[in-house]
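**Student:** Listed below are the residues making up each chain.
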Amino acid sequence: MNVNEVKKLALDIRIEALNMMSKHGFGHVGGSLSIADAIAVLYGEQMKYDPQNPKWEARDYLVLSKGHCGPALYSALAIKGFFPREELLTINEIGTRLPSHADKNLTPGIDMTTGSLGQGVSCALGMALALKIQGKDNMVYSIIGDGEAQEGQVWETLLIAPNKGVKNFIVMLDNNKQQLDDFVEKISPLGDVRKKAEDFGWHAVTVDGHDVEAINAAIEECKASDKPGFINLETVKGKGWPAKEGVNGNHALRGPAFEGVEEVLENMRKELAAMN
Amino acid sequence: MSYEMFDAKKLLGDTVYEVAKERNDIVLLSTDSAPRSGFTTFIEKMPEAYYELGIMEQAAIGVGAGMAVAGKVPVWCGPAPFCTARPFEFFKVDLGYMHQNMKVIGRNCGFNYADLGPTHYGLEDYGLVRMIPDVVILAPQDASELKGAIKAMLDYVGPVYLRLSTAKLPKIFEEKPFEIGKGNLIEDGEDVTILTTGEITVNTLAAVELLKAKGVSVRVVGLPTISPIDTDIIVESAKKTGRLVTVEEHFTVGGLGTIVEEITAENCPVKVKKIGVPFTYISAGPYDDMIQYCGLDPESICNSVMEFLK
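Listed in order, the protein sequences are those of chains A and B. Residue numbers for the first sequence follow the working numbering, so the first one is 1 and each next one is one higher. Residue numbers for the second sequence follow the working numbering, so the first one is 1 and each next one is one higher.
Wrong hints could be hidden among the right ones.
Stated by the list, open to error - Simulated restraints on C-beta separations:
| id | chain 1 | residue 1 | chain 2 | residue 2 | range |
| --- | --- | --- | --- | --- | --- |
| 1 | B | N303 | A | G95 | 27 to 37 Å |
| 2 | B | P47 | A | D181 | 17 to 27 Å |
| 3 | B | M131 | A | F26 | 42 to 52 Å |
| 4 | B | K151 | A | D50 | 33 to 43 Å |
| 5 | B | G181 | A | A257 | 46 to 56 Å |
| 6 | A | G165 | B | P177 | 37 to 47 Å |
What the hints contain is simulated information worked out from the structure, not anything from laboratory work. It should be emphasised that the depicted structure is a prediction, and the values quoted were computed from it without experimental measurement. Think of the CB as a built atom: it goes at the ideal place given N, C-alpha and C, for glycine as much as any other residue.
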């Protein structure tokens with residue numbers, strides 16, 4: 001893996017996502033920033049895709065079960081050429097192809113509509129199962145949130161998947177410790193979620209969710225296993241915007257809450273330029 | 001009138017199997033529900049296309065939608081409330097909005113689960129699913145229509161909900177290709193039109209015989225497709241007979257009665273008498289008693305129509 005390129009992609013995703021959300025004046029900043037590194041590893045190293053042919057049969061699939069973090073995914077898709085970068089600024093405008101939550105019907109490169117928590121990961125299992133029984137080796141990835149894991153539907157999927165032999169399936173948990181109302185630990189603690197997944201029959205690993213090399217290694221390890229993979233990404237909500245990291249109220253920002261974003265973006269752009 | 005009777009679930013399972021064995025895209029999903037839905041032959045002959053997921057109706061629709069994205073046509077059957085009300089939001093997002101090619105069959109509709117009580121009745125199933133745009137809803141009225149409806153459902157590309165009620169299904173009509181969205185003129189008449197759907201139609205037709213014996217000229221329209229509903233035949237009936245009666249084993253609130261009122265109010269306002277399940281909770285009991293309580297037995301239907309025509 002070209003580590004510098006993937007790190008650049010992660011930073012670029014953060015810049016584009018923050019830029020589009022702040023220009024629009026609303027967006028799920030915290031989670032979009034916490035998954036940027038995982039998205040960068042997927043689109044910068046692991047996944048097979050063709051931006052000119054989004055429905056390419058040999059593609060790998062990503063289902064963003066935490067669909068509210070669409071801006072991070074849209075940024076990756078735009079950077080990789082699925083649509084022009086300028087289009088990112090149309091988010092949530094009338095007629096846009098980029099609603100705040102991921103939408104299969106609208107956006108090139110999105111294979112599943114998500115936004116209702118718990119729903120996407122079960123759809124991802126179905127994709128993996130259908131690909132497996134057709135003898136295909138396409139990978140299916142799904143990113144879920146730690147708050148999302150309070151949904152019963154997530155556990156329905158976690159319980160059944162290992163019994164269906166879907167080794168082409170990797171679930172990544174964005175364990176950023178926060179949800180809309182408060183810290184997950186205060187509301188409904190997940191406990192040792194890696195161990196829980198392992199007990200359910202997954203090949204389960206925990207990694208630093210902001211270390212692209214560690215994420216990549218975890219994916220490789222899961223792919224080598226004969227079980228579906230579960231990667232617990234230890235992340236920080238709002239990662240990359242120091243004033244918003246790990247603080248209450250960073251789930252979604254609106255209007256004045258974006259104060260200071262221009263300075264953050266300027267610093268990020270300088271950092272990106274220095275990496276070239 | 002006596003009809004040849006069929007095991008409804010066996011007819012369902014065997015018909016799906018007959019179609020599936022000629023194709024390579026149909027898969028059967030089960031939530032602890034397929035063997036008892038009449039699919040034993042399918043499971044025995046096509047084990048590679050059968051997926052037992054366990055009791056997880058929410059994720060089951062997601063799994064089906066995901067399989068549809070990858071080119072499969074999932075068929076899933078279970079008790080109606082667990083296939084409609086429980087995973088309703090995923091029915092909307094996964095099947096409706098994304099228009100995924102999955103087929104959901106709600107069985108034991110109406111009061112069929114008599115002794116299991118209100119948790120198991122299917123009295124609001126098509127009323128709910130009807131609120132999701134672009135989902136085809138089928139409620140076949142007899143064995144012939146069930147066979148035709150299953151074939152049409154599997155040929156159609158998109159989400160379909162099929163309603164199945166009784167254990168024993170009469171063969172009332174001759175077999176013919178099922179046309180989605182088309183109502184059938186079963187009998188023509190002048191005084192009143194009775195619009196009927198689903199398997200309660202056998203009682204409707206018995207009531208029609210009683211009405212004819214009393215000298216009433218009855219027009220009878222079967223509506224085995226609830227959505228998209230055949231608006232034309234409803235409006236035509238309203239214009240022809242002035243008065244309409246609907247018969248269904250479903251809440252009249254949100255059911256066929258409501259649909260017919262919506263259509264006539266806009267197109268041809270007429271009096272509508274809705275015969276069906278009253279909007280309340282009805283506890284467990286023998287099936288025939290509950291049908292009678294709701295006025296859905298032939299004599300009660302006949303009496304309601306006579307009262308309406310006064």
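**Student:** Against each hint, give a clear statement of whether it holds in the structure.
**Tutor:** How the hints compare with the structure:
1. N303/B <-> G95/A: 27 to 37 Å: About 56 Å separates the Cβ atoms of N303/B and G95/A, which means 27 to 37 Å is violated.
2. P47/B <-> D181/A: 17 to 27 Å: 47 Å, violated
3. M131/B <-> F26/A: 42 to 52 Å: For F26/A against M131/B, whose Cβ atoms are near 29 Å apart, the range 42 to 52 Å is violated.
4. K151/B <-> D50/A: 33 to 43 Å: Between K151/B and D50/A, where Cβ atoms are some 37 Å apart, the hint holds.
5. G181/B <-> A257/A: 46 to 56 Å: 50 Å, holds
6. G165/A <-> P177/B: 37 to 47 Å: 40 Å, holds
Violated hints, in rising order: 1, 2 and 3; the structure is consistent with all others.
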